[in-house]
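Given these sequences and hints, build the entire structure.
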Amino acid sequence: MNITVIGTGNMGSAFVRQLDKAGHKVRVTGRDLAKAQTLANQFSNVQALPVDQAVGDSDVVILATAYADAVGALRAVGDLAGKLVIDITNPLTADYMGLTIGHNTSAAEEIAKAVPGVQLVKAFNTLFAQVLADGARFADDQRGSVFVASDSPRAKQTAIALAQSLGFDTVDAGGLVNARYLEPLAGLNIYLGYGAGLGTSIAPAWIHK
0 MNITVIGTGN MGSAFVRQLD KAGHKVRVTG RDLAKAQTLA NQFSNVQALP VDQAVGDSDV
60 VILATAYADA VGALRAVGDL AGKLVIDITN PLTADYMGLT IGHNTSAAEE IAKAVPGVQL
120 VKAFNTLFAQ VLADGARFAD DQRGSVFVAS DSPRAKQTAI ALAQSLGFDT VDAGGLVNAR
180 YLEPLAGLNI YLGYGAGLGT SIAPAWIHK
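Residue numbers (numbering that gives the first Met the number 0): 0 to 208.
Between beta-carbon pairs, the in silico distance windows are:
(1) G81 to Q163: 16 to 26 Å
(2) A80 to Q141: 35 to 45 Å
(3) G81 to A195: 38 to 48 Å
(4) Y180 to S151: 13 to 23 Å
(5) G196 to S151: 30 to 40 Å
Keep in mind that the hints were calculated from the coordinates and are not lab data.
Note that the Cβ used here is the ideal one computed from N, Cα and C, for glycine as well.
Okay, here's the thing in structure tokens:
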């Protein structure tokens with residue numbers, strides 16, 4: 000796939016690493032183009048581009064920013080009408096131990112309202128950057144799960160295929176409204192990682208008999 004990653008922080012960098020490893024063609028952009036270029040220079044099939052040139056013919060746009068920056072970042076890249084956007088954000092409090100919105104909405108739903116016309120998918124938000132950077136395999140050949148929620152069946156299936164190309168198990172989490180469940184799940188994972196001291200090499204997984 001042709002994929003644009005918006006964001007050069009821990010999650011954005013981890014995505015670039017794994018997408019390149021899986022053979023996808025990657026464009027990366029962010030507020031600091033020099034940082035994006037430094038990241039791109041580490042890989043063979045990654046190109047750093049200015050924000051307003053970064054989407055082009057990409058099949059997927061991965062929004063790897065903080066929630067507070069998400070809408071501005073999407074608007075900055077230009078016309079996204081009909082584009083598939085994967086939202087990995089969580090609406091976290093300053094101490095990362097709570098959510099700023101929930102119950103009757105979610106970060107994903109608010110982004111979809113603010114940037115109409117995109118095919119928004121909630122996915123990857125329950126993974127730590129460390130897990131994404133290290134890859135999908137855990138001890139004893141366990142794999143983390145990527146939960147995928149969207150109102151667009153085509154967008155959902157594309158996101159599922161992308162996650163599977165990176166080696167993750169996937170769970171169809173229904174419509175975008177179910178981001179209201181996925182974002183608190185991410186909050187629990189963050190608590191377990193930092194508050195309970197389990198570290199950042201953990202991830203939720205859905206298991207079957």
